[in-house]
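Peer 1: Make the full structure from the sequences, and use the hints.
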Amino acid sequence: MAKINLKKKFRYLPIAISVLLVLAMVIIVNQIEAQNKIKDRLGTSSQKTSSRLEEALKSRLNQTPPVKIKAISQQPALPGRPKYSAEKILVRFKPELSVQSTESILRAYQPRDYKLIPKINVYVVKVGEGATVEDTLAALKANPDILYAEPDYRLRLAAQPNDQLFRYQYALFNPGGTLQIPGSPTGKNRADIKATGAWDFAKGDPDLLIAVLDSGIDYTHPDLASKVISTGKDFVNDDNDAMDDHWHGTHVAGIIAAATNNTEGIAGVAWNCRLLPGKIISAEGEGDYSDLIEALIWAADYTSGQARVGVINMSVGGEEPASSLEAALEYAFNKGIVLVAASGNDGLAGVLYPAAYDEFCLAVAASDYNDEIADFSNSGPEVDVAAPGVWVLSTIPVALTEPGYLPYAFATGTSMAAPHVAGFAALIKSGKPWLNPGDIMKLIKYTPDDIEAAGRDDYAGYGRINTERALSPFKIVK
Amino acid sequence: MKERAGKAKRLAAILIIGLTWSLLLAAGPALQAREQQKPVWEFGLTGELFSRGIKWSDQTTTLKSTNLMFELRARNLGNLFNLSFFGGLGLPRPNGVVFDQLPLTLQYQGGSITGLLFGARAEARLLPASDFNFGLMAEFSSYLGFKKEFALSGLVVPATATATPSWSQASGGLRVTYDALEGSQPFLEVAGSYFWGKFKMKEKIEDLEGEQSVNLKGVSYVSITAGWSFFLVDKITLVPKVRIFPGSRTGIGGGLSIYYGF
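Keeping their order, the protein sequence lines are chains A and B. Residue 70 in numbering that gives the first Met the number 0 sits at position 71 of the first sequence, and the numbers go up by one each step. Residue 158 in numbering that gives the first Met the number 0 sits at position 159 of the second sequence, and the numbers go up by one each step.
The set of hints was computed from the structure by calculation and includes no laboratory data. These numbers come from a predicted model, not from an experiment. It is possible that part of the hints are untrue.
[As the list claims (entries may be wrong)] BS3-like mimics (lysine-lysine), calculated; alpha carbons at most 30 Å apart, straight line:
1. A:K477 x B:K234
2. B:K54 x B:K216
3. B:K37 x B:K54
4. A:K431 x B:K201
5. B:K197 x A:K431
6. B:K37 x A:K477
7. B:K37 x A:K474
8. B:K197 x B:K147
[Said to hold, decoys possible] Listed next, with one range per pair, are the computed distances between beta-carbon atoms:
9. B:Q100 x A:P221: 34 to 40 Å
10. A:L96 x B:Q100: 53 to 59 Å
11. A:G304 x B:K146: 41 to 47 Å
12. A:N188 x B:E210: 36 to 42 Å
13. A:E102 x B:K197: 57 to 63 Å
[Unchecked claim] Computed footprint of chain B on chain A; a stretch qualifies when at least three of its residues, placed anywhere within it, have a C-beta under 8 Å from a C-beta of chain B:
14. 180-186
15. 459-470
We put the CB at the ideal spot given by N, CA and C, even for glycine.
Peer 2: Below is the structure:
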């Protein structure tokens, strides 16, 4: 074996090769890191672009602030927002034609530009100067060589529901500026529960039921019919028909889980969860503890196939404590159910029962579009969190809707705040069914945006709920 | 996708085992004819950087690590083996791992976590062929991370997360050296490489607590290492090397070792 003596001639070669190898490695590692950084930056910038787009859309919508619900019914869906591109159309030719033929046909329409999407042989065509999409489409459709020609429809963010009235729901997404609610007040940007961000991570489980113990639910309402699992139970009239003859329960139910992304009406917080009505409030708006107690036990034991109650909303309250009520709450709590109740609308110190049973129940105060606590919202050490409760748009019974109006109305109260929290609890429980109700209550309490005084206070509790913070991955950083 | 990964894994294992077996069969006569050489003891220092694709559940990320190790190496043991033991500090950055079973889902983006890294490596020179020598290598290393606590800022109550990662890596395969150069020796290693680990996260938000361990696995099962041993002056050897993990876009690494013979 002939040994080559490199030692003298190339004595610096080893060091040079070592340095080169190490340099190459450092460069490669740095390039990978740089690529990752660029990817991160692109991700952030696309998020920023999306929010800028949203802002632009919102401000455009705000130029025509409708005050009454009636006005919307006379307008086309999402006014001011074109459904398709004003300059592009999609065209597909019959398969027997060659690319040369198809392109010469296209050129006859004098497009500004066109490109072929291979594999499916669809052309994206930019219409010619002075031509409209509609005219060009009509001309193309008349050509026998064309299989089809269609508009280039607009996309929207996946988690932004397409419900017609969503833009009135500042509680779910508050764009700031002049709000489209009664009085057209100026709202604070993102003084909302951050629902659109949360829906990217959780939309709820259809087998998770939220029992609404209230005046019943109009289960024929177009925005609720698909979401109510049964006609429920009427504890006032003692039958199995919890149809709402007041309005309150239907309004509460819509906030929690109205049919969402169905192009009509409003969006509910718990997008996919379903509702179980328990009627404990009469047509006159009154009820007894006994009905609430019975309804709590009934809801806690309710099952239908795989479906079970995971959350109970009680937008009701009384001034007096009652051991039997506490026992019923404890029963439901021990069955793994998250209990949510309104703090009360007297504007006084003193949270109503059942909300005041701190161990088993989340007490919810009402905040407004500026993240300020509503002056009617009861306060006390039992208040856990706040949620929007001023001019909240939701469903009302069809039978109680004036002719010519849509079955939706704005309402104010801690009764409207509590269902936001109930929907939030349902989203958490859907995604993490192993969490016990105590843990879910803590998660809701410890993740809000602090409003009012710094830290916990008796007016807003720990703050206004932030669904996105609790449901999206929380980043651990240095 | 999983099926294809499984096939690739099986194919790599069959290839490596087959080659190893044929090498052992062919090596017998060559070993008997070999001249006896004295073992050499060396003390070494190694710095390395690597990034390796890892997966858990149905998610993937890249584990980047900087390691600094002391090494004790014996060359020509029994005229056949090189054997080394190493230990030192590892600073992996398991960024991107998501803990979705905790009450509040956490995504780790906290950078490197210092820990102890130790292991052993064996090389066998089996079959000389022309200017080349074919052999086998095996390496095992383990990292035990120190607990690292992070404050979860932005919540309305005090909250912390405590991270404790650990992992192990076992590799085994073929090693080819080119022996025709005076004063240096390039080498190439093709090995099956299995990575497994556990990343434990404890969350405490006021009185809300949760704990989750995520089981990590390597995305690729093969590593290819190219390096060059330079016998600079008597008793000092410099070994730069680069490594790739085929099958993982981000799987790349390299390092530099310096040895002093005594």
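Peer 1: For each hint, tell me whether it holds in the structure or not.
Peer 2: Each hint, compared with the structure:
no. : hint                        : verdict
1   : A:K477 x B:K234             : violated, 43 Å
2   : B:K54 x B:K216              : holds, 5 Å
3   : B:K37 x B:K54               : violated, 45 Å
4   : A:K431 x B:K201             : holds, 17 Å
5   : B:K197 x A:K431             : holds, 22 Å
6   : B:K37 x A:K477              : violated, 51 Å
7   : B:K37 x A:K474              : violated, 56 Å
8   : B:K197 x B:K147             : holds, 15 Å
9   : B:Q100 x A:P221: 34 to 40 Å : holds, 38 Å
10  : A:L96 x B:Q100: 53 to 59 Å  : holds, 56 Å
11  : A:G304 x B:K146: 41 to 47 Å : holds, 45 Å
12  : A:N188 x B:E210: 36 to 42 Å : holds, 37 Å
13  : A:E102 x B:K197: 57 to 63 Å : holds, 59 Å
14  : 180-186                     : violated (count 0)
15  : 459-470                     : holds (count 5)
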